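Student: Residues per chain are reported as follows:
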Amino acid sequence: MNTLHWSAALLLFWLPMAAFGADQTEDADEARVREIALGLRCAVCQNQPVYESNSELARDMVKVIREQVKQGRESDAIRRYFFDRYGDYIYLEPVRSGRNWILWGAPFLGLLAGVGGLLLALGRWRRGAPPGDSLPAAAPGEEETLRARIRRELDRVEL
Amino acid sequence: MGWKLTLLGVVAGILFLFALGLNNDPRHIPSPLVDRPAPDFAGPALDGGDPLTLSALRGRWVLVNFWGSWCVSCVAEHPYLLELDRQTRSRNDFVILGVDFKDTVDGGRAFLARHGTPSYRHVVDPEQKIAIDWGVFGAPESFLVDPEGRIRLKHVGPLYRGWFERVALPLMTSGGGKPS
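In order, the protein sequences belong to chains A and B. Just so it is clear: in the first sequence, position 24 is 24 by the numbering used here, and no numbers are missing. Just so it is clear: in the second sequence, position 58 is 217 by the numbering used here, and no numbers are missing.
No lab work stands behind these hints, which were simulated from the structure alone. Only a predicted model underlies this, so the values are computations on that prediction, with no experimental measurement involved. Backbone N, C-alpha and C define an ideal beta-carbon position, used for all residues, glycine too. Just so you know, not all the hints are guaranteed correct.
Under the rule of at most 25 Å between Cα atoms (straight-line distance), these lysine to aspartate or glutamate pairs were calculated in the DMTMM-like manner [unchecked claim]:
#, chain 1, residue 1, chain 2, residue 2
1, B, K288, A, D84
2, B, K313, A, D60
3, A, K63, A, E74
4, B, K288, A, D76
5, B, K288, A, E67
6, A, K63, A, E35
7, B, K313, A, D155
8, A, K70, B, D292
9, B, K288, A, E35
10, A, K70, A, D84
11, A, K63, A, D76
12, B, K313, B, D252
13, A, K63, A, D88
14, B, K288, B, E307
15, A, K70, B, E286
16, B, K288, B, D206
17, B, K163, B, E286
18, B, K313, A, E30
19, B, K313, A, D88
20, A, K63, B, E286
21, A, K63, A, D27
22, A, K70, B, E307
23, A, K63, B, E242
24, B, K288, A, D88
25, B, K288, A, E143
26, A, K63, B, D265
Distance ranges between label pairs, derived from CB positions [what the hints assert, rightly or not]:
#, chain 1, residue 1, chain 2, residue 2, range
27, A, Q48, B, D206, 36 to 44 Å
28, A, G105, B, T165, 16 to 24 Å
29, B, A204, A, W104, 44 to 52 Å
30, B, T165, A, G123, 17 to 25 Å
31, B, R248, A, A106, 48 to 56 Å
32, A, C45, B, A204, 17 to 25 Å
33, A, E143, B, L181, 54 to 62 Å
34, A, W104, B, L179, 17 to 25 Å
35, B, G316, A, G98, 56 to 64 Å
36, B, L179, A, N54, 42 to 50 Å
37, B, L174, A, I150, 15 to 23 Å
38, A, Q46, B, T165, 56 to 64 Å
Next up, chain B with everything else stripped away, as it sits in the complex (with noise of 0.2 Å):
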């Protein structure tokens, strides 16, 4: 009789381990990039003038936001971001940085006509380049890099209203530096 309860042991591990797995969600990959020195780079600007580099905003903390004019929940993100350009404009500390990538700058020119021009801007990155070296799966993802350019967190999907008092505004006040 001991090997049919072994075998009912097994069998019941087996189920255990695939009920598990059943509930990850394939979209969700944690970012090895976190806690790394932030990839630089520099592009377009979306809005014509001069051209924009990540490094030349160290110092400060930078939200960087990849979106694209043909992503549907970055339309539902969008409000959100709007609301918190108005909220942080006036900080000394914090900077968005749009990345918008696999699109054309008509594209994304009619996205932000139609859903409201931030005040912060935006790189254009058409063979997303930029998007790849920062391991970018889809869109709207966003990093939260500190002031020495590192990067501290990786949002999968839209932000969420609350996400700057809750996430990203505790990270800014303890101490504000690495963890290390």
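Looking at chain A on its own, in the form it has when it is part of the complex (with noise of 0.2 Å):
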């Protein structure tokens, strides 16, 4: 072992260490800001979070996010104040109330009615077709003409 190998041996365990304990001491103010601005819709670009935007309007509102922190108000208040500013759009997850239940109902009823759509058509296929959606029953002798010619036809493939 060479000084090289033991440098690259501390270094593959030092590095993960180091990343993993940078996380550690996140500040425990920074991670609200981030979180508060991960669920924030970035106003001037179209579905982007507000941490995650470079638009300045963005980051000024991250700015606002972490004067309000450090301020030491409650997280739902600060989503309260952009949402009382900007309303519904704001909020990257839609509020649950009023007209937003039919947003988070439907794709569940739509669920719901392919469930059941896909039941009633199990149980026609195993009752048997409908009648009125069966062949005429072949008439005695026709099968058997029927089959010759299959095998005929087949016999002209060449495969």
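Join the two chains, each given in its own frame, into one complex according to the hints.
Tutor: What follows is the structure, given as structure tokens:
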């Protein structure tokens, strides 16, 4: 073992430790800022959280959040602050009230309808096709002619 | 055959809703601040004079106009603001207040020097704290605040010739106070 090996081994173990350590010491306030800013929609870019956006407005919003966190305001109060000014739009996850229940409920209703339809169809298949949909019964002797014809046609196919 | 018709109906319905959605302007988002008390603000004046406070203008209708020297539409809007300023200067029930946000003092002053300096004053809001407090998305955006300090309407985009007569005056003359 030369020094190169040793330093490589050291790096291998130390780097992840260092990264882990950094995570551990993240300021509790900053974690709260991140949590709030991840749930808010950037107002000038479509569908990006404020925390991840590079737009000036989003960055200034993060500053406002940071300031309010430092002042010790509750997370919900800070979210409410933005909601009162920017409306429903500001939440990436729509609030569960009023008309928004359609938004939250519709996919599940659709799923239920799909499952219902599937069960209905399966039931029908199991009971056998309804009489209207079946083919008319073949006349005696006709089936034999059909089979002969199929055999002839298949013989002509080169594989 | 029934299920085919149903499927066709569902697809047509989805397409219809989709077509409705296509006509929505993603920039036009209704402000929850309308008919609510205007958030007060105080800040340094662009002209370097005494600091400005919104609540000091209580008792008059206030047109709060958010702008910035970086904003292209504000250039288009500016001639109308100058005209509105000339036209309403003598009224004692209406005043305009500019908020120059996300801007430098030099930038704001240069804008006015180039495009015309109105008689009304401007607050500087370099970190757009006032703008965020007012739920502003971009510039220009304008709010009409009534004498009781309540926001009565929000206009997104440049104000246009005739806006005052068509939109502001009817509100101002219909009792003046709040709707309820």
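Student: So if I understand the rule, the pair passes when the alpha-carbon distance is 25 Å or less; does K288 (chain B) with E143 (chain A) pass?
Tutor: violated (86 Å)
Student: Is it true that the CA of K288 (chain B) sits at most 25 Å from the CA of E35 (chain A)?
Tutor: holds (21 Å)
Student: Determine whether the Cβ-Cβ distance between T165 (chain B) and G123 (chain A) falls within the hinted range of 17 to 25 Å.
Tutor: Once the Cβ atoms are compared, 18 Å apart, the range 17 to 25 Å for G123 (chain A) and T165 (chain B) holds.
Student: Sort out whether D88 (chain A) lies within 25 Å of K63 (chain A), counting only the CA atoms.
Tutor: Holds - the C-alpha atoms of D88 (chain A) and K63 (chain A) are around 21 Å apart, at most 25 Å.
Student: Is it true that the CA of K288 (chain B) sits at most 25 Å from the CA of E67 (chain A)?
Tutor: holds (11 Å)
Student: Would you check the hint for K288 (chain B) and E307 (chain B), treating anything up to 25 Å between C-alpha atoms as holding?
Tutor: holds (23 Å)
Student: Hinted pair, alpha-carbon criterion (25 Å max): K313 (chain B), D88 (chain A). Please report holds or violated.
Tutor: holds (17 Å)
Student: Between Q48 (chain A) and D206 (chain B), does the beta-carbon spacing fit 36 to 44 Å?
Tutor: holds (37 Å)
Student: Between Q46 (chain A) and T165 (chain B), does the C-beta distance stay in 56 to 64 Å?
Tutor: The hint (56 to 64 Å, Cβ to Cβ) is violated, given that Q46 (chain A) and T165 (chain B) are roughly 34 Å apart.
Student: For the pair supplied as a hint, K70 (chain A) and D292 (chain B), confirm whether the alpha-carbon distance does not exceed 25 Å.
Tutor: holds (18 Å)
Student: Going straight from one Cα to the other, do K288 (chain B) and D76 (chain A) come out at no more than 25 Å?
Tutor: Given pair K288 (chain B), D76 (chain A) holds - Cα atoms ~20 Å apart, limit 25 Å.
Student: Has the hinted range 15 to 23 Å been met by the Cβ atoms of L174 (chain B) and I150 (chain A)?
Tutor: violated (44 Å)
In summary, the structure is inconsistent with hints 7, 17, 18, 22, 23, 25, 32, 35, 36, 37, 38 from the numbered list given earlier, while agreeing with the others.
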